[in-house]
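**Q** So you can see what is in the structure, the chains are spelled out below.
2 protein chains.
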Amino acid sequence: MARRLTRHAPPHPGRRHTGAMTGLANYTEPPAPTFLFDLDGTLIDSVYQHVIAWRAALSRLDIDLSVWRIHRRIGMSGGLFVSALLRETGRTLSEADIAMLQRAHQAEYLAQADSVRPLPGAADLLAALTERKVAWAIATSGYRATAHQALAMLGLPDDAPMVTRDMVAHAKPDPDLFLAAAALLGVEPRHAFVVGDSVWDLLAARRAGALGIGVLSGGYGREELERVGAYRVYADPADLLARADEVGVRGLALPG
Amino acid sequence: MARRLTRHAPPHPGRRHTGAMTGLANYTEPPAPTFLFDLDGTLIDSVYQHVIAWRAALSRLDIDLSVWRIHRRIGMSGGLFVSALLRETGRTLSEADIAMLQRAHQAEYLAQADSVRPLPGAADLLAALTERKVAWAIATSGYRATAHQALAMLGLPDDAPMVTRDMVAHAKPDPDLFLAAAALLGVEPRHAFVVGDSVWDLLAARRAGALGIGVLSGGYGREELERVGAYRVYADPADLLARADEVGVRGLALPG
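Taken in order, these protein sequences are the chains called U and D. In terms of the working numbering, the first sequence has 500 at position 201, counting the first letter as 1, and numbering is strictly consecutive. In terms of the working numbering, the second sequence has 354 at position 55, counting the first letter as 1, and numbering is strictly consecutive.
No false leads were slipped in.
Output of the computed footprint for chain D on chain U, the stretches with three or more beta carbons under 8 angstroms from beta carbons of chain D:
(1) 344-353
(2) 359-367
(3) 413-422
(4) 505-518
(5) 521-527
Covered by chain U, per the in silico footprint, the following chain D stretches (three or more residues, Cβ under 8 angstroms):
(6) 364-373
(7) 414-424
Since the hints were derived computationally from the structure, they do not count as laboratory data. From the three backbone atoms N, C-alpha and C, an ideal C-beta is built for every residue, glycine too.
Bound conformation, chain U alone (with noise of 0.2 angstroms):
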């Protein structure tokens, strides 16, 4: 009789099937996938804040950006933002007025960080893959100063698996956060998702070697997502959740 396969388990990583004498193909299973959540418009509701903590900053030094070119710059690393920026105005500035402006975002971020919100079904989310003993890990090109509030508004503890900005070389859409979250869960990223709003995340998990999924509770929109190469896009958190199967993590909707 053949083996069967117990659907609901976790395969084994590298389970290697032989087929002699059994019916079933000879293959290396992959593992079961993992999932690497960029913050800030995928697992909170923190984008519009960081819009307009930035502009506040910029127009610091009398930089009027239109908002709209300010959101589309929001997830890439703080120093490429303020490049990327400066380049669309024709202007240069100082290393001192680019740290200014650095530190001037954190403080204007941090003062409306009490409007900020989960996104929905994000601790949900994280949970349930908690419980199926899915592993995750958070990767941010935000600063651990910042960054590190979301923790308890997601039900989080202190050390849960988070990258930040501060313990990588490159900020996205370099692949440096996402390879760090993998090794962090000593998982290789070609076995793992990243899921984030924005396309420097899309981009960043190509570099990493791993397939992204994008959601759309950053405020792009899904062509902008799939153009970048998304493998799936889902609304928000609880879109994902609730269709997890899609993406081989069966049962997850599920009461755990």
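Please build the complex by placing chain D on the supplied structure of chain U, with the hints as guidance.
**A** Okay, now just chain D, sitting in the frame of chain U:
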């Protein structure tokens, strides 16, 4: 000798080329295009302030909606806006609650109206159209009480051609605002370009029988606008001004 068309003069509406004895083809020359502009996100950088204002208004009724869902509804009729958001949350509200929401949104918006700026090129574009005798009007889903503040910001007189929510039966995505604006200018909608930042503008343009031009300055992605039928998409009014020859207005970016 064949009669030459002068390229820089506005063509005469309905002028008929008979073709006989001239070598020119026999057809009715189309009138010069006219422009019907949306306001928020198209001429002024006010979409994010509207988003924040709606979020604050909704929170008075303990309705917590993700910010991106609010953003994607900006620009449509306030009544439809509330209905759509309620559908997404599964709630129902009394007519009194809905009226309160609209008043609260207006008050919250006006409280931060000082931070609204014209979009790059908006004032120059309207001035250049006026200078070249290209007819234009503004058509906004907003009420006159909130919209008239934009006129001074754009260097326009109080009697600039504008149709507001107060003046029509239905707002976008119904075609009424653009039909009324075309009527105000005495032009047929099919000879007008509707310029807008949201899918609601472009959908209303198609129902009005006009061609829609999208701008990215309201925060929608290019592909979203193309998908609902944008004839062209520009970054913002400055970009449209620089490339207006693509839509049949020649020499607009040159000094008048």
